[in-house]
Amino acid sequence: MRTLTVGLLAVALIGAGLFAGCPKAPPSVQPPLAKQPPPPPTVAPAATKAEEMPDFGELRPAKAYKIALIMKTMSNPFFQTMERGAKEEAGKLGIDLSSQAADKETDDEKQAGIVENAIAKKVDAIVIAPADSKTLIPALLKANEAGIPVINVDNRIDPQAAADAGLKLVTFIGPDNAAGAEKAARHLFETMGGKGKVAMLEGIRGVDNAENRKQGFERALKDFPGIELAETQSAEWELEKGESVFSTMLTAHSDITGLFCANDMMALGAIRAIEGAGKKGKVLVAGYDNLAAAQEKLKSGELLCTIEQHPDLMGAYGVRCAVALLEGKEIPPEIAVPTDLITKEGLP
Amino acid sequence: MPLLNYRALGMLVALVLICGVMTVLTSWQNDWGSPTFLSDVNLRNVLLQCSITTVAAAGMTLVIIAGGIDLSVGSVLALCSVVLAVVVRALPGLSGIGPGVLACLVAGAAFGMLNGLLVARTGAPPFIVTLGTLFVGRGLAYVFAGGQTIHVEGVRAGAFAPPVLITLGVIMAAHLFLSLTPYGRYVYATGGSEEAARLSGVPIGRVRVLTYIASGICAALGAVIYWLRMAAGNPLAQDGLELYAIAAVIVGGTSLSGGQGDILGTVIGALIMGVLANGLGLLAVPDYWQKVIIGTVIVAAVAADRLRAKWQK
Chain A
1 MRTLTVGLLA VALIGAGLFA GCPKAPPSVQ PPLAKQPPPP PTVAPAATKA
51 EEMPDFGELR PAKAYKIALI MKTMSNPFFQ TMERGAKEEA GKLGIDLSSQ
101 AADKETDDEK QAGIVENAIA KKVDAIVIAP ADSKTLIPAL LKANEAGIPV
151 INVDNRIDPQ AAADAGLKLV TFIGPDNAAG AEKAARHLFE TMGGKGKVAM
201 LEGIRGVDNA ENRKQGFERA LKDFPGIELA ETQSAEWELE KGESVFSTML
251 TAHSDITGLF CANDMMALGA IRAIEGAGKK GKVLVAGYDN LAAAQEKLKS
301 GELLCTIEQH PDLMGAYGVR CAVALLEGKE IPPEIAVPTD LITKEGLP
Chain B
1 MPLLNYRALG MLVALVLICG VMTVLTSWQN DWGSPTFLSD VNLRNVLLQC
51 SITTVAAAGM TLVIIAGGID LSVGSVLALC SVVLAVVVRA LPGLSGIGPG
101 VLACLVAGAA FGMLNGLLVA RTGAPPFIVT LGTLFVGRGL AYVFAGGQTI
151 HVEGVRAGAF APPVLITLGV IMAAHLFLSL TPYGRYVYAT GGSEEAARLS
201 GVPIGRVRVL TYIASGICAA LGAVIYWLRM AAGNPLAQDG LELYAIAAVI
251 VGGTSLSGGQ GDILGTVIGA LIMGVLANGL GLLAVPDYWQ KVIIGTVIVA
301 AVAADRLRAK WQK
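Top line first, the protein sequences correspond to chains A and B. Under this note's numbering, residue 348 is the last one in the first sequence; the count climbs by one each step, no gaps. Under this note's numbering, residue 313 is the last one in the second sequence; the count climbs by one each step, no gaps.
Quick caveat, the hints were computed from the structure, so don't treat them as lab data. It cannot be assumed that every hint is accurate.
[Said to hold, decoys possible] Below, a list of computed lysine to any residue pairs in the SDA-like style, where the Cα atoms sit at most 25 Å apart:
no., chain 1, residue 1, chain 2, residue 2
1, A, K142, B, N30
2, A, K282, A, L239
3, A, K66, B, V136
4, A, K104, B, A284
5, A, K297, A, E308
[To be verified] Residues of chain B clear of chain A, computed beta-carbon distances all greater than 10 Å:
no., residue
6, G96
7, P99
8, G132
9, F135
10, L140
11, F144
12, H151
13, A161
14, P203
15, G205
[What the hints assert, rightly or not] So the derived label-pair ranges between C-beta atoms look like this:
no., chain 1, residue 1, chain 2, residue 2, range
16, A, K104, B, S34, 29 to 35 Å
17, A, P61, B, A173, 32 to 38 Å
18, A, K122, B, Y142, 54 to 60 Å
19, A, G91, B, N30, 18 to 24 Å
20, A, S254, B, A90, 42 to 48 Å
Just so it is clear, CB atoms sit at the ideal spot from N, CA and C, and this is done for glycine as well.
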């Protein structure tokens with residue numbers, strides 16, 4: 001008898017938790033025969049030119065489609081912003097959006113479970129920022145088998161691995177890393193007056209976004225003949241490495257006056273190195289990601305500029321593309337979300 | 001020995017009730033249509049999603065009954081998963097699968113033996129020893145993997161049967177070991193009263209080492225399941241698994257102070273947590289609240305059990 005209290009207690013708690021945290025039931029008016037979602041179109045593994053965000057005209061969805069937004073984790077502000085963007089768009093379109101994430105950014109098995117649950121719920125489409133670019137493929141294949149279209153945002157599913165496994169993704173919506181880096185680099189070179197020596201700190205070599213940001217930097221460099229590239233090296237996205245690599249660079253080339261870093265963490269490290277070398281104010285630093293810590297350095301003038309990637313637009317566009325697809329529209333295989341240059345002047 | 005102890009019986013009732021609640025709520029969610037929770041796909045999902053925790057918890061049950069604890073299981077799983085992936089990748093085509101799985105199991109057993117020997121020979125508290133090896137295992141996993149997920153091609157991952165069959169096999173083996181073999185009885189004796197066990201000739205050290213080897217092998221089998229689900233070896237895999245495994249064991253009625261408990265209770269404990277996580281996920285309860293609810297259930301289960309023991313005196 002007493003053991004029963006345990007069960008009752010547990011159930012009462014679940015009930016209480018559910019009614020506190022659970023969204024309202026979906027609207028009760030539903031057409032008896034829901035339109036079958038069109039089969040997801042095949043995406044060629046070869047990278048196509050990313051398109052700027054298409055408009056799809058005015059979307060008036062025939063029903064409140066159930067869309068699952070699956071993210072890496074909710075403890076990263078990046079994904080909180082992504083969820084906000086998706087929710088606003090879902091509200092505008094009258095969509096039943098449920099967003100979920102694993103508790104840890106790296107817990108891909110938990111995320112695979114969330115995908116499986118979405119399939120069991122028979123959602124109309126899945127929008128996913130995968131925790132890993134390969135390990136989510138088996139779970140997403142199950143969505144393919146169930147005829148649920150999958151839209152990939154933020155972190156790209158490895159196109160080769162997807163093709164090998166026969167996984168079909170509707171589209172990839174991600175930041176245009178090259179364009180963002182080019183913007184930051186141009187602003188840096190212009191502020192330098194179009195002349196002087198620059199250096200670059202790269203991310204982990206061989207990783208998609210690191211390579212694209214380097215390409216953007218190089219593109220900008222071509223247009224500024226007065227700018228000389230002193231050195232470019234990888235600091236593997238890390239703060240400490242940023243500091244150590246850039247102090248070595250400063251020792252080797254004491255006349256460097258500009259630095260582009262492929263992310264803000266490395267830029268923050270480089271700023272420390274500059275201070276350590278007693279060169280505060282003599283080297284202009286451009287970063288990428290618009291972290292809160294980077295904004296402080298923007299205000300103090302130690303960081304020249306950074307790049308905002310707009311996770312809110314990734315979320316919103318994920319939802320918009322899902323609805324457009326379900327309404328029978330053509331979706332481009334790759335969509336680039338615009339990036340913004342953030343400087344001291346642009347801060348609130 | 002009864003098939004289930006009284007605590008586990010109470011938990012079985014709780015499990016059934018939770019399933020009932022999830023059925024009703026997911027039906028309500030579908031405008032009183034067919035409940036998502038009871039659908040074929042979802043029941044399979046539940047079994048798949050709690051397979052790794054269940055396997056790790058089975059090994060953990062042996063360790064805890066013998067009076068120990070193993071905090072390293074998540075790290076050992078990650079290390080074994082990397083070993084498996086490295087071996088499979090190094091050999092051509094599918095020929096690496098056999099050696100890969102074997103190497104994975106050997107790595108798990110060896111790491112478990114290391115834990116066991118450190119506990120049995122040095123007399124250091126198991127909590128501290130396995131806390132240390134938790135870091136060592138995770139670190140080694142990163143080293144062998146070069147810090148990255150290793151994708152393993154070849155096998156069609158994501159199937160239902162293999163992970164569930166492995167889980168069932170582990171449950172059966174652990175249950176039979178505990179209830180039918182002399183060493184199974186030694187495990188209870190060692191955890192119950194070490195002094196009494198020693199005096200009656202139980203090889204305590206060997207029993208301890210054996211339980212840790214079992215836990216290591218279970219973690220390695222967890223790595224095999226991880227590979228079957230994700231087609232990869234991952235040094236980041238299952239960080240925090242030890243806590244879920246311990247929770248499943250405790251909710252299932254095994255005493256953390258050793259000497260009592262059983263595998264079937266643990267299975268029920270793992271299912272309770274699996275059903276909760278799955279059901280709350282279906283209901284789109286935010287992850288934060290899922291944690292609050294699951295944590296509350298763990299505390300409520302143990303608290304209620306303590307109160308029951310008090311009343312009975």
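Each hint, compared with the structure:
1. A:K142 <-> B:N30: holds (22 Å)
2. A:K282 <-> A:L239: holds (20 Å)
3. A:K66 <-> B:V136: Measuring from Cα to Cα gives roughly 44 Å; hence the hint is violated.
4. A:K104 <-> B:A284: Holds: A:K104 and B:A284 sit about 17 Å apart, inside 25 Å.
5. A:K297 <-> A:E308: It holds: about 15 Å lies between the C-alpha atoms, which stays within 25 Å.
6. G96: Consistent with the label, B:G96 stays out of reach of chain A, its closest Cβ about 17 Å off (over 10 Å).
7. P99: holds (22 Å)
8. G132: The claim stands: B:G132 keeps its Cβ more than 10 Å from every Cβ of chain A (closest is about 22 Å).
9. F135: holds (16 Å)
10. L140: About 17 Å separates B:L140 from the closest Cβ of chain A, which puts it past 10 Å; holds.
11. F144: holds (17 Å)
12. H151: violated (4 Å)
13. A161: holds (14 Å)
14. P203: B:P203 is indeed farther than 10 Å from all Cβ atoms of chain A, at 36 Å.
15. G205: holds (35 Å)
16. A:K104 <-> B:S34: 29 to 35 Å: Once the Cβ atoms are compared, 33 Å apart, the range 29 to 35 Å for B:S34 and A:K104 holds.
17. A:P61 <-> B:A173: 32 to 38 Å: violated (52 Å)
18. A:K122 <-> B:Y142: 54 to 60 Å: Violated, since A:K122 and B:Y142 (Cβ atoms, about 39 Å apart) do not stay within the stated range.
19. A:G91 <-> B:N30: 18 to 24 Å: For A:G91 and B:N30 the Cβ distance comes to about 22 Å; the hint holds.
20. A:S254 <-> B:A90: 42 to 48 Å: With a Cβ separation near 47 Å, A:S254 and B:A90 satisfy 42 to 48 Å, so the hint holds.
Hints 3, 12, 17, 18 from the earlier list are contradicted by this structure; the remaining hints agree with it.
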